[in-house]
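Engineer: Here the protein sequences come in this chain order: Y and V. Residue numbers for the first sequence follow the working numbering, beginning at 1 and rising by one. Residue numbers for the second sequence follow the working numbering, beginning at 1 and rising by one.
Keep in mind that a hint or two might mislead.
[Claimed, not checked] Taking lysine to any residue pairs in the SDA-like style, the calculated list, with each CA pair at most 25 angstroms apart, reads:
hint : chain 1 : residue 1 : chain 2 : residue 2
1    : Y       : Lys42     : V       : Lys20
2    : Y       : Lys2      : V       : His85
3    : Y       : Lys42     : V       : Lys55
4    : V       : Lys66     : Y       : Arg102
5    : Y       : Lys2      : V       : Gln60
6    : V       : Lys20     : Y       : Gly41
7    : V       : Lys41     : Y       : Lys56
8    : V       : Lys41     : Y       : Lys67
9    : Y       : Lys42     : V       : Ser54
10   : Y       : Lys67     : V       : Thr103
11   : Y       : Lys56     : V       : His85
The hints are simulated quantities; they were obtained by calculation from the structure and are not laboratory data.
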Amino acid sequence: QKEVEQNSGPLSVPEGAIASLNCTYSDRGSQSFFWYRQYSGKSPELIMFIYSNGDKEDGRFTAQLNKASQYVSLLIRDSQPSDSATYLCAVSRADRGSTLGRLYFGRGTQLTVWP
Amino acid sequence: GAVVSQHPSRVICKSGTSVKIECRSLDFQATTMFWYRQFPKQSLMLMATSNEGSKATYEQGVEKDKFLINHASLTLSTLTVTSAHPEDSSFYICSARARSVDTQYFGPGTRLTVL
C-alpha cells in the first residue's frame with residue numbers, strides 16, 4: 001500500500017463550481033498534511049497545510065482532515081480556469097530520532113476548470 | 001516570505017560533464033534542504049535530505065557518488081550531478097525547511113537536459 005493515495009483524475013469542473021480533491025494516507029503516525037499546486041512545467045507551490053482534525057479555510061480553499069479515517073481533502077470554491085493544475089497531497093511523518101519528518105507525496109490529481 | 005531560489009533554471013550539457021545546481025533560501029534560515037527529481041507526468045521523488053553542516057542522507061537507490069550534495073550554510077545547498085548521462089535528464093527541485101517548522105517551500109526547479 002502506498003503511503004499517500006490520490007485519484008489521478010483528471011477531474012473536470014465548470015467555472016464557478018466546487019472542486020473536491022481527496023487523499024488518503026496509510027501511516028497513523030503522520031503528523032502534518034499539505035496541499036501543493038503544480039502547474040505544468042513548474043515546481044510545487046504550497047496552498048495549505050493542516051495539522052489538526054477538522055476544517056481549515058483560506059480564501060476559496062478549505063482543507064479537511066480526519067485522522068481517524070486517515071483522510072485529507074481540499075475543496076476549491078468558485079473554481080477558476082487559473083486553478084487548472086495538478087494538486088499534490090503530501091504527508092509528513094517524523095523520522096526516527098527526529099521531531100520533524102520528510103514529505104510523502106501522492107501522485108497528484110489533475111484538475112481542469114473549464115470556462 | 002519563505003522564498004527559495006534555484007540556479008540555473010535550465011541547463012543543457014554534454015554527456016560526461018558535471019553540473020552544479022544551487023538552492024538558496026532568501027528570507028529564512030533553512031536548517032534542512034531536500035532535493036527531488038521529477039520525470040514527466042510522475043510525482044516528485046525524494047533524492048536526499050541535507051542538514052546544514054552534516055552529510056546528506058540519500059534515499060535508497062540514489063547514488064551518493066553521482067549526486068553530490070553540500071549544505072555548507074543555512075541559506076545554501078548545492079547538488080552536483082557528476083558525469084551526467086542522458087538518463088539523468090530530469091526536473092530537479094529543491095525545497096527548504098526552517099528549524100522546528102514542518103513546512104517545506106520549494107524552489108522553482110532546474111530542468112537538466114543531457115545530450
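Engineer: Now look at each hint and say whether the structure bears it out.
Structural biologist: Taking the hints in turn, this is what the structure says about them:
1. Y:Lys42 - V:Lys20: With a Cα-Cα distance of about 20 angstroms, the restraint between Y:Lys42 and V:Lys20 holds, given a limit of 25 angstroms.
2. Y:Lys2 - V:His85: 30 angstroms, violated
3. Y:Lys42 - V:Lys55: 28 angstroms, violated
4. V:Lys66 - Y:Arg102: 22 angstroms, holds
5. Y:Lys2 - V:Gln60: Holds - the C-alpha atoms of V:Gln60 and Y:Lys2 are around 16 angstroms apart, at most 25 angstroms.
6. V:Lys20 - Y:Gly41: 20 angstroms, holds
7. V:Lys41 - Y:Lys56: 29 angstroms, violated
8. V:Lys41 - Y:Lys67: Distance ~29 angstroms between V:Lys41 and Y:Lys67 Cα, so the pair is violated.
9. Y:Lys42 - V:Ser54: 29 angstroms, violated
10. Y:Lys67 - V:Thr103: 19 angstroms, holds
11. Y:Lys56 - V:His85: 45 angstroms, violated
Of the numbered hints listed earlier, those contradicted by the structure are 2, 3, 7, 8, 9 and 11.
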